[in-house]
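Enquirer: The primary structure of each chain is shown beneath.
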Amino acid sequence: MSSLQSLDIVRRSATTTPSPQARRAEKEVAKLIDVSSCIGCKACQVACMQWNDLRDDVGSNIGTYDNPRDLSAESWTVMRFSEVETKTQAEETKLEWLIRKDGCMHCADPGCLKACPAPGAIVQYTNGIVDFISEHCIGCGNCITGCPFDVPRISKKDNKAYKCSLCSDRVGVGLEPACVKACPTGAIRFGSKEDMLDFGEERVTDLKERGFAQAAVYDPQGVSGTHVVYVLQHGDKPELYHGLPSNPKISPLVSLWKGIAKPLAVAAMIGAVLTGFFHYMTVGPIENEDDNDEGGKKAPTPEGERV
Amino acid sequence: MTRRYFQRYQRPDRINHWIVAICLFLAGLSGLALFHPSMYWFTNLFGGGPWTRILHPFLGVIMALGFARLFFRFRRDNVLTDADRQWNRTIFALLRGDKGNMPPAGKYNAGQKMMFWTFAISLLVLFVTGFLFWRPWFAHFFPITVVRLAVLLHAFAATMLVLCAIVHVYATIWVKGTLRAMTRGTVSEGWVRKNHPLWYRELTGHD
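Sequence lines, in order, name chains A and B. So that you can map any letter, position 226 of the first sequence is 226 in the working numbering, and since no number is skipped, the others follow by simple counting. So that you can map any letter, position 178 of the second sequence is 178 in the working numbering, and since no number is skipped, the others follow by simple counting.
In case anyone wonders, no lab produced these hints; they're calculated from the structure. Possibly wrong hints are sitting among the right ones.
Keeping only pairs whose Cα atoms sit at most 20 Å apart, straight-line, the calculated DMTMM-like set for lysine to aspartate or glutamate is [to be verified]:
1) B:Lys107 with A:Glu176
2) B:Lys107 with A:Glu287
3) B:Lys99 with A:Glu289
4) B:Lys99 with A:Glu287
5) A:Lys42 with A:Glu176
Computed Cβ-Cβ distance ranges for the label pairs, DEER-style [to be verified]:
6) A:Met1 with B:His140: 25 to 33 Å
7) B:Thr2 with A:Pro263: 48 to 56 Å
8) B:Leu65 with A:Gln5: 47 to 55 Å
9) A:Ile62 with B:Phe141: 15 to 23 Å
10) B:Ile15 with A:Leu7: 53 to 61 Å
11) A:Val58 with B:His140: 17 to 25 Å
12) B:Phe138 with A:Glu202: 47 to 55 Å
13) B:Trp18 with A:Asp53: 45 to 53 Å
14) B:Phe141 with A:Val58: 24 to 32 Å
15) A:Leu95 with B:Phe138: 36 to 44 Å
The beta carbon of each residue, even a glycine, is placed where N, CA and C say it ideally should be.
Just chain A, with the same shape it has in the complex (with noise of 0.2 Å):
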C-alpha cells in the first residue's frame, strides 16, 4: 500500500491509462542536501534507520569513513566520504574532503518507474516523491537497470527492491523527513521545490563569494530535475562528489526497450497472427492427393505400410 491516497498518485509504473487527474493542487517538495555545509556525523542515516525500523548488517571498516560501504537494501542513505585535490582560485593545490549523502533522488522522470514491468509497484506522488510499493515488487531488477544514480537495491533475504522513500509517510502528514530532522547543521533541507532551489541559490552565492566560483545548485534537467538537489561547491565538477553523474539521463537503451519497442513488437506480433488467419482465410491450404481420396472423409490411418 503507497504511503499517500491513490488521488495523489500521478504516475504508476507498467501502467498505459492515466492515473486520476482530480487533485493536483499539491506542491512538488524537494530536499536540499548543502554539501558545503554536511561535516560527516551521520545523524541521517541514523535518523534513516530509526523511522524507518531498518537495520543493516555490521560491515567492516575498509580505511575509509564510508559506513556502511554501500546502499543496500537496509541502507537507503550513505555519506560517501571523497578525499580530492582541487586548485585554489590562486592556482594553488588544496586537499578537500567531499561528503555527500548518497541516496534516491526522486527524479521528475524517475527511469526505475520507466524500467518497471510490475503494475503500481513503483509510483509517483503529486509532491514528486517517487515510491516503492514492495507488495506488487517481483524482484526482477529492471529498476535498477533503469536508474541513472545506481541507487535501488535488491535484498538477498526477499528478492524485493528498496530504496530511499523520503519519508512519503511523514510529509504525507505534514512532517519532514526524518533525515532532515536529524541533521545538526542544517546542511538538510526540506520543503517545496521551488523554495528550495531559492535557497540553494543563496547558498551558491555566498560560495561564490568564499571563492568557490563554480558553486552551483545540481538539479539536472536530463531527467527532468530532481526533488533531491544538491549545493555543490564545485558545481562544474559533480563528478568530484564519488561519481556524481554530471548529465543523468535514463539511457537510450532503456528509453528504446521501453518506448518504441514495446509497442512495435506486439503489433508485429498481433500482425503475423491475423496475416496467417486472413491468407488462410483467402488462399487456402496446401493440400496433397491423400488429403482428397476416400472422399477426404477419413483422416489419413497409422494402417497404412510404412517405409
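Given the coordinates of chain A, work out where chain B should sit on it, guided by the hints.
Expert: Below, chain B without anything else, positioned relative to chain A:
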C-alpha cells in the same frame, strides 16, 4: 489401395521437439507478461508476478538446451544451397496460391531452413543475454551498460523468436498433412511428393 507413409521424425526427436515447443510457449507467455503491461495478467498463469520472474529463465534455459540438441541433429539438413535461392524468389507466388511453379525442395525447403537458422540465432542471443540480467544470481557480475544492452537485445531476439514460432505454427496449419510428422513421426507419400519431391526421389529412387 494401401497408403504409404514415410518416417520423418524419430521418437526421441519428437519428444525433444515438444519439450522445446512447450517451453517456448511458457517462456513466451511469461516473457510477454513482463514485456508489455497489457499482458501482465499472464503472470496469473504462473502463480503471480514473483513466480513468473522466477520461472521464466529456467523455462528459457530448458528451451535453449533442448533446441541445441535439435540443432546438432538437423543442422546438416538445413544448409542453404543455391537451389534455395530460387525457392526464395518464388515463395511470394506460392503465398498467393500459385502452387505450380515452386522449384523442387529436398527434406527441407528454403523457408524451413531459414526458419531453423532464425530459431537458432535468436535462441543463442536469448540464452546469452538472459544470463546477463538474471537476478538474483548473475546480473550483479556485469556492468550496467552491458545489462541495459542485454535487456534490449533479449526483447528483440524474443520478438524474432515469437514471430518465427507464429510462422512455424501457421505453416503446419497451412500445408495439410504436416502435423503428423511431429505427432506420429510419419508423413504420407502424397505429402512428400507434393512438398518435398527431391526427398521423395532420395527415399524411393524415382519421381
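Enquirer: Starting from the range 47 to 55 Å, see whether the pair Phe138 (chain B) and Glu202 (chain A) falls in it by beta-carbon distance.
Expert: With a Cβ separation near 48 Å, Phe138 (chain B) and Glu202 (chain A) satisfy 47 to 55 Å, so the hint holds.
Enquirer: Falls inside 45 to 53 Å, the C-beta gap from Trp18 (chain B) to Asp53 (chain A)?
Expert: Holds, since Trp18 (chain B) and Asp53 (chain A) (Cβ atoms, about 51 Å apart) stay within the stated range.
Enquirer: Does the Cβ pair Ile15 (chain B), Leu7 (chain A) satisfy 53 to 61 Å?
Expert: The hinted range 53 to 61 Å holds for Ile15 (chain B) and Leu7 (chain A), with Cβ atoms some 56 Å apart.
Enquirer: For the pair we were handed, Lys99 (chain B) and Glu287 (chain A), check the Cα-Cα distance against 20 Å.
Expert: 10 Å, holds
Enquirer: Should the hint that Leu65 (chain B) and Gln5 (chain A) are 47 to 55 Å apart at their CB atoms be regarded as holding?
Expert: Given about 49 Å between the Cβ atoms, the range holds.
Enquirer: For the pair supplied as a hint, Lys107 (chain B) and Glu287 (chain A), is the alpha-carbon distance within the 20 Å limit?
Expert: 18 Å, holds
Enquirer: How does the Cβ-Cβ distance of Val58 (chain A) and His140 (chain B) compare with 17 to 25 Å: does it lie in that range?
Expert: Check passed, 22 Å falls within 17 to 25 Å.
Enquirer: Is 48 to 56 Å a correct range for the gap between the Cβ atoms of Thr2 (chain B) and Pro263 (chain A)?
Expert: 54 Å, holds
Enquirer: Given the hinted pair Lys42 (chain A) and Glu176 (chain A), is their Cα-Cα distance within 20 Å?
Expert: Holds: Lys42 (chain A) and Glu176 (chain A) sit about 17 Å apart, inside 20 Å.
Enquirer: Hey, Lys99 (chain B) versus Glu289 (chain A), does the alpha-carbon distance stay inside 20 Å?
Expert: 14 Å, holds
Enquirer: Honestly, do Leu95 (chain A) and Phe138 (chain B) meet the 36 to 44 Å range at C-beta?
Expert: 40 Å, holds
Enquirer: Taking the Cβ atom of Ile62 (chain A) and the Cβ atom of Phe141 (chain B), is their distance within the range 15 to 23 Å?
Expert: 21 Å, holds
The structure fails hint 1 only (numbered hints given earlier).
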